[in-house]
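With these hints in hand, go ahead and build the complete structure from the sequences.
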Amino acid sequence: MSLSTITRPPIASATGESHPHGMHVLTRHAFVVSGWVALVNAESVTIGVVVISALWHIPGARTLINPLKLFTIGWHELCHMAAAIFTGGRITSISIDPNTGGCTRVEGGHPPTILAAGYFGSTLIGAGLVVASWDTLAAKIASFPVAIGLAVPLILVRDVFTIILIVIYEALLIGFWFINHADALRYYCLFLGIMSIFFVVWDFTDDRFFKKLNDSDATQFSLLYPKVPPHYWATGWLIFSSLVFIGMLLLGIAVFKRTPDEMAEEAAIFLPTR
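The numbering of the sequence shown is the UniProt record's numbering, which starts it at 1 and goes up by one.
All clues stand as given, with none of them false.
Restraint-style ranges between C-beta atoms, simulated for each label pair:
| hint | residue 1 | residue 2 | range |
| --- | --- | --- | --- |
| 1 | Leu-64 | Lys-212 | 15 to 23 Å |
| 2 | Ile-94 | Ala-254 | 35 to 43 Å |
| 3 | Phe-209 | Leu-156 | 19 to 27 Å |
| 4 | Ile-179 | Leu-223 | 40 to 48 Å |
| 5 | Val-160 | Asp-261 | 39 to 47 Å |
Think of the hints as simulated: they come from the structure by calculation, not from any bench. For each residue, glycine too, the CB sits at the ideal point set by N, CA and C.
Quick look at the structure:
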């Protein structure tokens, strides 16, 4: 038998009929659906940035996101504390407030490292949440540390309204598990991820335009290095955060090439919900 007489078995098309190019059709379909998921996420990111910018700064409305602000500020201050301890410093006091911001007072340690840990840590946790927002299973897993992070500020909070809001946000987090097989958790993670990764924006604008009680880290950097003004520090950290953010978006597009149905099927294996 000559090689020219060897035939290839037919490949079934999506409709179940023989189709010599069926594999290409299915691959193209998966690519289109994955691209659609990426487009939806890109639109969600844009909307998220606009909404957070508005809610964080509009009087009255900013109170509604106090639990998320406490989560973001709390993690930021925790990173300062960790850096202080690891560099031999001693923590003398810590305060976390959704209106005045956070403040960690330290004796000793390595000031540049301690100061940099705040924005770096905020960017890191934000990056993780943004990546998790690309996949339902990843969002499910991320929801556990998020739930803990939302609850921890209850140790320090005394305002009754804020406590009620924290309970509501915890209830929403649990409720999102039961919306479209937990797909709604992706947007919860994305919203909180954007809030964390761009913390330098909210921190600096609160300091410069709303005169909050506690200085921003950008202002603290300018006190540590007087020749560099605060807005230069803020710009530098914003560039860093933006590059990480773009990197996480590209990573999500490259790694999570799943259709909504595939994500739902995969997520259903881990603590399935209806």
